[in-house]
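Visitor: Given only the sequences and the hints, what does the whole structure look like? Please build it.
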Amino acid sequence: MILIVLGCLFVIYDIVLLCITPGTFLDNLTSFTHVWTLMGAYLIFEGFYKKKKGVHFFKTWKGWLQKLVAAFVGVVGIICIINLCFIFTPKVADLDEPADYVVLLGGGIDKNGKLPRGVELRVQKAAEYLNVHKDALCVVTGGTLKWLPYAEAPAIKKYLIENGIEAERILVEDQALDTIQNLQYSCKMLADFKGVSEEEILNERMMIVTSHFHMRRAQRLAKRMGFENFSGRTSSIPLYSIPHTYLREICAYVKLNMRILLTGKPEKIISPMQ
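Counting from 3, one number per residue, gives the positions in the sequence shown under the numbering used here.
These are computed hints drawn from the structure, not numbers from a lab.
Among the hints, a few may not be true.
[Stated by the list, open to error] Simulated pairs of lysine to aspartate or glutamate, DMTMM-like, Cα-Cα distance not exceeding 25 Å:
| id | residue 1 | residue 2 |
| --- | --- | --- |
| 1 | K257 | D180 |
| 2 | K113 | D176 |
| 3 | K196 | E230 |
[Unchecked claim] If you anchor each label on the Cβ, the simulated ranges turn out as follows:
| id | residue 1 | residue 2 | range |
| --- | --- | --- | --- |
| 4 | A43 | K113 | 23 to 31 Å |
| 5 | I80 | K136 | 20 to 28 Å |
| 6 | E230 | Q183 | 15 to 23 Å |
| 7 | E230 | L8 | 44 to 52 Å |
| 8 | V256 | L28 | 21 to 29 Å |
| 9 | P156 | D180 | 13 to 21 Å |
| 10 | K93 | G266 | 20 to 28 Å |
| 11 | F47 | V94 | 39 to 47 Å |
| 12 | Q68 | K270 | 44 to 52 Å |
| 13 | K69 | T32 | 30 to 38 Å |
Backbone N, C-alpha and C define an ideal beta-carbon position, used for all residues, glycine too.
Guide: Here is the structure:
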């Protein structure tokens, strides 16, 4: 009975997440949130199977298969714990630490062009910093995600202005589709805006602003891509999104490490002027 109830809660959690940040039909269909429905469906099946047969479905598998699956789950669990230790411990700067420019990373938008609460909190954290450091320039970065009709960056700029930041201090980078592109395209935009090489931008003081869960991955990428003098300011996320957000970030962090290990990418940013 407990498995059935837990499975139903997982399915409901998926539905709640989709309702809070509504997407288009195809966006909802391909959403990572459905991992909760998949886990929930398995738990419900296990619960009904145990109720009917008196034994868990898992126990009916051959012994070697049970051991193989148990070992796999154990390895996955260890990998998750190790990655969480990194994700939980980014380097965070004080409010008074100076920067030449701020890179505010996007984090999603719904089908109506509204920013999710987690992204609004990022913007508020960036506005707090920019209101203290009046000479810092800000790049808001985030393109049009697959299956959605709006780019993130223009909506982020609008919200920044509503939080007291002058429009002329904000550069809009609306092509990036992931964190790697966020940093690549922001570097190029700043170089073009200032009329300098990308290498010069890489050596200037950069303040990354993103959610706490995302900062460690962003900083790992920044270092790998050649940014020499960067710090980070982190924002919180709504309580309801914590389980899903950290599950997804574990997958993203593992994927990044595998990409680096297998392909050696991303590589350091090299300016065309070199």
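Visitor: Does the beta carbon distance between E230 and L8 stay inside 44 to 52 Å, or does it fall outside?
Guide: The hint (44 to 52 Å, Cβ to Cβ) holds, given that E230 and L8 are roughly 48 Å apart.
Visitor: Note whether the CB distance of K69 and T32 lies within 30 to 38 Å or breaks it.
Guide: holds, 34 Å
Visitor: Within a Cα-Cα threshold of 25 Å, do K113 and D176 meet the stated pairing?
Guide: Distance of about 16 Å is within 25 Å: holds.
Visitor: Is it true that F47 and V94 lie within 39 to 47 Å of each other by Cβ?
Guide: Holds: the Cβ-Cβ distance is about 43 Å, inside 39 to 47 Å.
Visitor: Given the hint of 13 to 21 Å, check if P156 and D180 actually sit that far apart at their C-beta atoms.
Guide: For P156 and D180 the Cβ distance comes to about 18 Å; the hint holds.
Visitor: Under the criterion that the straight-line Cα-Cα distance not exceed 25 Å, is the pair K257, D180 satisfied?
Guide: Holds, at roughly 13 Å.
Visitor: Against the 25 Å threshold, does the CA-CA distance of K196 and E230 hold or violate the hint?
Guide: Holds, at about 18 Å.
Visitor: Quick check: does the Cβ-Cβ distance between A43 and K113 fall within 23 to 31 Å?
Guide: holds, 26 Å
Visitor: Go ahead and decide if the range 44 to 52 Å is satisfied by the Cβ distance of Q68 to K270.
Guide: holds, 47 Å
Visitor: Against the range 21 to 29 Å, how does the distance between the Cβ atoms of V256 and L28 compare: consistent or not?
Guide: Since V256 and L28 have Cβ atoms about 26 Å apart, the given range 21 to 29 Å holds.
Visitor: Does the beta carbon distance between E230 and Q183 stay inside 15 to 23 Å, or does it fall outside?
Guide: holds, 20 Å
Visitor: Do I80 and K136 keep their Cβ atoms within the hinted range of 20 to 28 Å?
Guide: Violated, at about 47 Å.
Violated hints amount to a single one, hint 5; each of the other numbered hints is respected by the structure.
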